[in-house]
Amino acid sequence: MNYEKKVFLKRVNSKLLMYVELSLIQALLAVVSGVLVGFSLGLIGGGGSILAIPLLLYFVGLAYEAPPHSAAESYIDHLVIGTTALSVGLNAYLNSFMHYRKGNVSLRNGVAFSLPGAAGAVTGAYVGHLVGGGLLLFMFSFVMIGIALTMLKSKSAGVRELEERVTAGPKVTTSRLVRVIPAGFAVGVLSGVFGIGGGFLIVPALMYSAGLTMIRAIGTSLMAVGTFGVTSAATYALFGELSLEVAFLYLMGGLVGGYVGTRLASGLPNVTLKRLFALVVIAVAFYIMYQNFYAISALL
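Taking this note's numbering, the leading residue of the sequence shown gets 19, the next gets one more, and so forth.
The set of hints was computed from the structure by calculation and includes no laboratory data.
A virtual CB, placed ideally from N, CA and C, is assigned to each residue, including glycine.
Mixed in with the good hints there might be a few duds.
To be verified - Beta-carbon label-pair distances, calculated as ranges:
hint: 1; residue 1: Met-270; residue 2: Arg-197; range: 20 to 26 Å
hint: 2; residue 1: Thr-192; residue 2: His-87; range: 50 to 56 Å
hint: 3; residue 1: Ser-315; residue 2: Phe-115; range: 22 to 28 Å
hint: 4; residue 1: Pro-287; residue 2: Leu-42; range: 21 to 27 Å
hint: 5; residue 1: Ala-137; residue 2: Phe-304; range: 41 to 47 Å
hint: 6; residue 1: Lys-120; residue 2: Val-145; range: 25 to 31 Å
hint: 7; residue 1: Leu-42; residue 2: Ser-193; range: 20 to 26 Å
hint: 8; residue 1: Arg-293; residue 2: Leu-46; range: 28 to 34 Å
hint: 9; residue 1: Leu-170; residue 2: Ala-89; range: 23 to 29 Å
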């Protein structure tokens with residue numbers, strides 16, 4: 019039985035979680051990928067997890083496990099998005115707990131942002147499931163470029179806010195909820211469609227809508243990243259587009275990489291690192307665009 023038939027037989031049998039048979043080398047590469055994602059996330063913060071999807075597709079090699087441009091390849095694309103959403107989400111929850119212990123999390127604003135965002139993530143994940151895998155990845159490449167351009171424009175401004183002593187977060191008033199709820203829903207939709215954390219959008223959204231300081235917005239954003247990731251993954255799992263095995267390997271590597279990246283972050287030039295990382299993201303985005311251009315050609 020070829021791979022394509024095996025994939026769809028499992029879906030017909032209504033198995034919620036697909037088991038991916040990784041070789042030993044692929045399993046090791048999945049852990050290494052998790053280390054790289056966790057390291058970049060700990061080192062530069064928001065946007066650091068953007069390479070999780072291309073690493074799993076092209077470095078671990080899941081993109082090459084099915085015939086090119088086939089329905090099975092599209093299914094694998096969705097599987098990768100759902101799987102990375104889970105691993106990034108769980109990693110964010112763990113990091114959120116660390117920030118909470120330091121007093122850097124506003125629970126009230128985090129819940130107010132995360133709940134509508136979870137609804138948005140479910141909506142986005144369902145929309146993402148309906149879109150072909152190749153087309154979804156082609157659109158994702160533009161999201162990557164957008165994130166990279168944001169990193170390239172970032173300056174040292176905000177260092178003072180990072181060093182502020184955090185006090186109790188602002189109260190959740192009706193006027194704040196009017197801004198927080200739609201902001202959370204909108205970011206949740208984007209997170210659900212592409213299986214990304216969305217931290218690069220959540221931090222400024224929390225600063226604007228909830229009036230949080232930079233450091234408190236970063237800590238609180240991890241609550242939302244975790245919620246969006248787990249919610250998106252659960253939605254993809256309903257369609258059999260999630261691998262717990264790969265997510266576990268990614269998570270284990272991410273814990274190690276995140277610890278090292280966080281320890282090194284304080285002693286390295288953050289702005290320079292972000293800009294170098296942004297150039298890598300742009301290069302990978304163009305590669306993904308090239309690999310999935312067929313999806314656009316089919317529409318023309």
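Hint check results:
no.: 1; hint: Met-270 x Arg-197: 20 to 26 Å; in the structure: violated, 38 Å
no.: 2; hint: Thr-192 x His-87: 50 to 56 Å; in the structure: holds, 51 Å
no.: 3; hint: Ser-315 x Phe-115: 22 to 28 Å; in the structure: violated, 46 Å
no.: 4; hint: Pro-287 x Leu-42: 21 to 27 Å; in the structure: violated, 38 Å
no.: 5; hint: Ala-137 x Phe-304: 41 to 47 Å; in the structure: violated, 34 Å
no.: 6; hint: Lys-120 x Val-145: 25 to 31 Å; in the structure: violated, 36 Å
no.: 7; hint: Leu-42 x Ser-193: 20 to 26 Å; in the structure: violated, 56 Å
no.: 8; hint: Arg-293 x Leu-46: 28 to 34 Å; in the structure: holds, 30 Å
no.: 9; hint: Leu-170 x Ala-89: 23 to 29 Å; in the structure: violated, 37 Å
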